[in-house]
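Undergrad: Keeping their order, the protein sequence lines are chains A and B.
Residues in the first sequence are numbered consecutively from 1, following my numbering.
Residues in the second sequence are numbered consecutively from 1001, following my numbering.
Derived by calculation from the structure, the hints in this document are not laboratory data.
This one's a predicted model, so the numbers in the text were calculated from it and none came from an experiment.
Glycine residues also receive a C-beta, built at the ideal position from the N, C-alpha and C atoms.
Any given hint might turn out to be false.
Computed from the model, here is a short list of chain B residues facing chain A with C-beta under 7 Å [as the list claims (entries may be wrong)]:
# : residue
1 : I1162
2 : S1165
3 : S1208
4 : F1209
5 : E1265
6 : T1267
Pulled a few chain B residues facing chain A out of the computed Cβ check, cut under 10 Å [claimed, not checked]:
#  : residue
7  : T1019
8  : L1022
9  : T1057
10 : R1059
11 : G1131
Below, computed lysine-lysine pairings styled on BS3-like, alpha-carbon distance capped at 25 Å [unchecked claim]:
#  : chain 1 : residue 1 : chain 2 : residue 2
12 : B       : K1148     : A       : K30
13 : A       : K48       : B       : K1090
14 : B       : K1192     : B       : K1203
15 : A       : K30       : B       : K1159
16 : B       : K1274     : A       : K8
17 : B       : K1090     : B       : K1203
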Amino acid sequence: MAPSLLRKAAPLHDIVKVDVHVPGCPPSAKLILFAVRDLLEGRIPDLKSGARFG
Amino acid sequence: MRTIVIDPVTRIEGHAQITIELDDDDQVARTAFHVTQVRGFEKFTEGRPFYETPSITARICGICPISHLLASAKACDAIMSVRIPPTAAKLREALHCGQIIQSHALSFFHLSAPDLLLGFDSDPVRPTVAGLITDHPDKARDGIALRKFGQQVIEGLAKERIHPSWIVPGGVNAPLSPQARERILAGLPEAKEIAARTLAFFKGVVDSFPEEIAHFGNVPTMYAGLVDASGGLQLYDGFVRFVDAVGKVVVPAMSPEDYLSYIGEPTLADSYLKAPYFRRRGYPEGSTASARSPASTSPPTAATRRRTSSSRNITSGSAPWCRARSMSTTRGWSRSSMRWSGWRRC
């Protein structure tokens, strides 16, 4: 069955703990690769140099 | 009375469940397809400037944003009452050819080919395009290469592969560069070969699945598609033609602006997707009656609508659909090559 709607729409990070925000709609392939590579090597990627919000 | 629930439905854009109710004789009594997510585009775009809608509606889908961009931009053209420059129309059509190639390659190679090659009953974790790389590397490579070509056509024309800002009300916002044109021309021969051998492969493999073809998604339905003045396939602009299950033309040429006179869009009680249907034939009352129900011109209200099967008037059987995907990929290639060769003289 289709689930009932909640009264308010909430941003994802209000509900789920987000470790890394990878910005872009869509994020560039280069940025995704950079982030995934760091995560695979056990690091939280620093995206400040490669991306900006807004 | 037993209920079978398929959850989640995979290999789709979006989220859905299927409910199948069996009666005491284990026959199917009722089926329903529940879309379990709300998007809200029709509501949250209300009150926004109309020229924002192309880039907003592109976000409906990350695979086919081009289609939404084009439909939305054409609506904006109509609102502004402009006829776009002929070059812009050709460029938009070329972009759509690129999308047909990439999205159909994805649909065929990533979503259908794993079942066709690995078998419908293979271990559920196997049938993905990654699962093809071990046993059918040539098919995996072809699928990735064909999709890549389509994406590169889009990128060459519109700069971004997903949600490009190139398509605007009134036309497109940049010309085609000679370098992009040459790159696309260079990639066309190999793309054509992949499409041709995929079609040949599919024709061959179809004979291995007589049971599936006879029964899976094989109900008589109408068909609708975009055509040009002589009834040939159109990918960007034209009229909508409706044909019945045996190919007889029911509506030869509907103008897109008359859409709501021909197609009803009722909401459903147990799904967040509307259920468009061909108004003249009435809302389908059940799978056997769907193609032949008596004409009814008023759309059903929630109170009067009866439960129906999940088949709708305008759907397609799965096997002809796969073939149509392969053929329109080839068509997308051939229209692209016509366009590109013509432009050598520009």
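Undergrad: Does each hint fit the structure? Answer for all of them.
TA: Against the structure, the hints come out as follows:
1. I1162: Where the cut-off is 7 Å and the nearest Cβ of chain A is about 5 Å from I1162/B, the hint holds.
2. S1165: violated (11 Å)
3. S1208: This hint is violated: S1208/B lies away from chain A, its Cβ roughly 37 Å from the closest one there, beyond 7 Å.
4. F1209: Since chain A brings no Cβ nearer than about 32 Å to F1209/B, farther than 7 Å, the hint is violated.
5. E1265: Where the cut-off is 7 Å and the nearest Cβ of chain A is about 17 Å from E1265/B, the hint is violated.
6. T1267: Not OK, violated: T1267/B not within 7 Å of chain A, min 11 Å.
7. T1019: Cβ of T1019/B sits 7 Å from chain A, so the hint holds.
8. L1022: Violated: closest Cβ of chain A sits about 17 Å from L1022/B, beyond 10 Å.
9. T1057: Not OK, violated: T1057/B not within 10 Å of chain A, min 13 Å.
10. R1059: Status holds, d = 7 Å.
11. G1131: Result: violated, 21 Å to nearest chain A Cβ.
12. K1148/B <-> K30/A: Within the cut-off at roughly 16 Å; holds.
13. K48/A <-> K1090/B: violated (40 Å)
14. K1192/B <-> K1203/B: Satisfied, since the Cα-Cα distance of roughly 17 Å is no more than 25 Å.
15. K30/A <-> K1159/B: holds (15 Å)
16. K1274/B <-> K8/A: holds (22 Å)
17. K1090/B <-> K1203/B: Violated, because 32 Å separates the two Cα atoms, which is more than 25 Å.
Of the hints listed earlier, those the structure fails to meet are numbers 2, 3, 4, 5, 6, 8, 9, 11, 13, 17, in rising order.
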